[in-house]
Amino acid sequence: MNNAHSKAVLELNVNNHPGVMSHVAGLFARRAFNVEGIVCLPVGDGRTSRIWLSVNEDVRLEQMIRQLEKLEDVLSVRRHGPAHAVFERLAEFFC
Amino acid sequence: MSSTSPETLTGAQIAVRLLERQGIRRVAGIPGGAILPFYDALSQSAQIEHVLARHEQGAGFMAQGMARVSGEVAVCIATSGPGVANLLTAIADAKLDSIPLVAITGQVAKSLIGTDAFQEVDTYGLTIPITKHNFLVGSAAELLEVIPRAFRLAASGRPGPVVVDIPKDVQNERIAVTEWPVPSGPVPTPAPERKLIDEAAAMINAAQRPMLYLGGGVVHSGAAFQAVELAEKAALPTVMTLMALGAMPVDHDLSLGMLGMHGARCTNLALEECDLLIAVGARFDDRATGKVSAFCPQAKIIHIDIDPSELDKIKTAHLGIRGDVQAVLSELLPQVEPSEDHPRADWQARIAELKSSFPMQMPGIDDPRTPYGLIRAVADCLDDDAIIATDVGQHQMWVAQSYPLRRPRQWLTSGGLGTMGFGVPTAIGAALAAPERTVVCFSGDGSLLMNIQEFATAAEEGANVKVVLMNNASLGLVFQQQNLFYGQRAFSSKFKGVPDFLKVAEGFGWQTLDLDATADPAAALKSALTTRGPTLIHASIDRHQQVLPMVAPGAANKDMIGD
Ligand SMILES: Cc1ncc(C[n+]2csc(CCOP(=O)(O)OP(=O)(O)O)c2C)c(N)n1
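Quick mapping for you: the protein sequence lines, in order, are chains E and C.
Sequential numbering of the first sequence, starting at 180, is according to our numbering.
Sequential numbering of the second sequence, starting at 2, is according to our numbering.
It should be emphasised that the hints constitute simulated quantities derived from the structure, not laboratory data.
Misleading hints may appear alongside valid ones.
Stated by the list, open to error - Simulated crosslink set (DSS-like; lysine-lysine; CA at most 30 angstroms straight-line): (1) C:K301 x C:K314; (2) C:K96 x E:K249; (3) C:K559 x C:K316; (4) C:K559 x C:K301; (5) C:K316 x C:K301; (6) E:K249 x C:K111; (7) C:K356 x C:K234; (8) C:K292 x C:K559; (9) C:K356 x C:K292; (10) C:K96 x C:K316; (11) C:K292 x E:K249; (12) E:K249 x C:K356; (13) C:K196 x C:K111; (14) C:K234 x C:K196; (15) C:K356 x C:K316; (16) E:K249 x C:K314; (17) E:K186 x C:K316; (18) C:K314 x C:K196; (19) C:K314 x E:K186; (20) C:K314 x C:K559; (21) C:K316 x E:K249; (22) C:K234 x C:K96; (23) C:K301 x E:K249.
Could you put the whole structure together from the sequences, leaning on the hints where they help?
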């Protein structure tokens, strides 16, 4: 597999209030780390949200995850492989 | 929560009460429209004294001074818009040096947010990347949760700054308060993993040429005692970062002083040869490591830090231990073989040889009219109770190289951000927080002008601050770099006009001493440093004096310029 194009999918559980997206997006932006895909919806009673991120595999990814875990509004981070279905299933909305 | 009979209070009164309940006794700030309800409430506080800074950056650094000497969370206050904008540098500085601050900022009323209202800036957006966390408070009731949380966050784990942005209408909103939250303290860090401690001990015991590398985390964690104990038990040669100076007395037998860009030759050369580097509360900053790939090329690395994102960030450790460094060192200590059982005679001999062949050169140390000599003469007038602050530039590095720092929290310097203008307000904050101590601030003529307005605050407060101005009529460190690395094209680094700093200081109501004009500098210094109150001590320095050795930015630490 060509590493430059291999993707990872990150699943974040976060508090749902204004500004959380900025915190998450800012971490990537200020390291010039492109986020290829992003989906976010509230879960359950709406106090928390789930953010799905599609990012390129990069040597810095592990560091990014540790930085995400430090954010006060990020409750958990899981890393999935490129095979995760979330972005594939959404593909029909991006034709 | 503790119940009380219900009181109807404004958001501003609630915020002030919560600060009181957190044990805050002194804050620094500047009022303005969007924070006036808070100031009105503050005026009624019998517990909190307000230090009126002359620039919000000054207020931020005063709070830093209080936090750096005490280790406790300190508070600064600013109004919306320009007030917050002025505060940003001090907040960013606190972030990079892990200093616990809570900044309370006024914001335009909620209904005006996002309308480009008068003095509106996006405080929340601006402070995301320079804080540990930030809050835009939506209601007076939220303050009851947010303020204790801000204190807990600032103090927990790796300390840092937190911003609490409070719209004016939230400050004015009246609510009935029936219960007060318990004042918050730091959340304890999870205990380090036993297995990792065992592995670390085994690595240390097996090492032939181990070295200890202490960072600012040792000071923050209150682990200086344990660090010195570990060094002594295993006879570990020890280097410190700029932030860690004082964690081990620099004149301790095992100390090799500061490493990195302006470290002594013996210090950087020893690191070249070590086979195990034990990094404690240090983050492998480029000023310390030089070219990272060439840093400690022969060494395995044990990295101990409270912040898991520091592990493997710059240099992959062979063993990373997440934990409060004090707890980790305490657990490690009993497992480390005492040097009597494991003398490593060759390594001790090699370190001694390096120290005697390549010591820190301090030309002019006996002449108070040279940089090193002046610093030594100041030190000779003081004991270890004194607090030493600096601005940023050559003077900072000369002091870092040569001042006999001997205790943690004795040393206040802007390490990560390297902020000119840090020195004076930080020294004032320190002097107010520790009124029994003498606070000396070494400054340069460039840095001093960046926050000289705080001379007014120092005079007003009678702060026992002694500014030692090393005046080279230039931005000395820039001038040095241009001379070394830019073909001697000194550009925009020499001042053509230099103010009469003595008159300026007098104008602010400071005492002054012009060392250039004294026949007996040592005696004059003694008297200036031991008379209470703010004093400017002025000394001219030849601008061609350089801070050496120096590692060129990006070069390997072994490639030092100068002896
Ligand atoms: C706010 C800020 N602006 C610019 C710099 C870049 N800089 C680093 S050292 C320095 C010169 C400092 O001059 P001075 O305070 O006179 O100290 P000296 O080096 O002469 O001892 C400059 C401009 C900085 N560190 N901070």
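Now the hints, each set against the structure:
Of the supplied pair hints, the one linking K301 (chain C) and K314 (chain C) holds, its CA atoms being roughly 16 angstroms apart against a limit of 30 angstroms. Taking the CA atoms of K96 (chain C) and K249 (chain E), the gap is near 14 angstroms; set against the 30 angstroms cutoff, the hint holds. For the suggested pair K559 (chain C) and K316 (chain C), the alpha carbons sit about 18 angstroms apart, so the restraint of at most 30 angstroms is met. Restraint check for K559 (chain C) and K301 (chain C): satisfied, since their Cα atoms lie roughly 18 angstroms apart, inside the 30 angstroms limit.
About 11 angstroms separates the Cα atoms of K316 (chain C) and K301 (chain C), which keeps this hinted pair within 30 angstroms; it holds. Between K249 (chain E) and K111 (chain C) the CA atoms are separated by roughly 29 angstroms; this keeps the pair inside 30 angstroms, and the hint holds. Under the criterion of a C-alpha separation no larger than 30 angstroms, the hint pairing K356 (chain C) with K234 (chain C) is consistent with the structure, at around 21 angstroms. Note on K292 (chain C) and K559 (chain C): the hinted pairing holds, with a Cα-Cα distance of about 10 angstroms set against a maximum of 30 angstroms.
With a C-alpha separation of about 23 angstroms, the suggested pair K356 (chain C) and K292 (chain C) falls inside the 30 angstroms cut-off, and the hint holds. Pair hint K96 (chain C) plus K316 (chain C) holds up; C-alpha atoms about 21 angstroms apart against a cutoff of 30 angstroms. Simply put, K292 (chain C) and K249 (chain E) have alpha-carbon atoms about 28 angstroms apart, close enough for the 30 angstroms limit, and the pair holds. Our distance criterion of 30 angstroms between C-alpha atoms is broken by K249 (chain E) and K356 (chain C), whose separation comes to about 41 angstroms.
Distance restraint check for K196 (chain C) and K111 (chain C): the Cα-Cα separation of roughly 52 angstroms exceeds the 30 angstroms cut-off, and the hinted pair is therefore not satisfied. A hinted pair counts as satisfied when its Cα atoms are at most 30 angstroms apart, and K234 (chain C) with K196 (chain C) qualifies at roughly 21 angstroms. For the suggested pair K356 (chain C) and K316 (chain C), the alpha carbons sit about 27 angstroms apart, so the restraint of at most 30 angstroms is met. Taking the CA atoms of K249 (chain E) and K314 (chain C), the gap is about 14 angstroms. The hint holds against a cut of 30 angstroms.
This hinted pair checks out: K186 (chain E) and K316 (chain C) have alpha carbons roughly 24 angstroms apart, not beyond 30 angstroms. Annotation: proposed proximity of K314 (chain C) to K196 (chain C) holds, straight-line Cα distance about 22 angstroms (limit 30 angstroms). Taken as a hint, the K314 (chain C) and K186 (chain E) pair is honoured in the structure, with Cα atoms around 21 angstroms apart against an allowance of 30 angstroms. As the CA atoms of K314 (chain C) and K559 (chain C) are separated by approximately 22 angstroms, the hinted pair is consistent with the 30 angstroms bound.
For the hint linking K316 (chain C) to K249 (chain E), the alpha-carbon distance of about 20 angstroms falls within 30 angstroms, and the restraint holds. Between the alpha carbons of K234 (chain C) and K96 (chain C) the distance comes to roughly 34 angstroms, so the proposed pair goes past 30 angstroms and is violated. Note on K301 (chain C) and K249 (chain E): the hinted pairing holds, with a Cα-Cα distance of about 27 angstroms set against a maximum of 30 angstroms.
Violated hints, listed in ascending order, are 12, 13, 22; each of the other numbered hints is respected by the structure.
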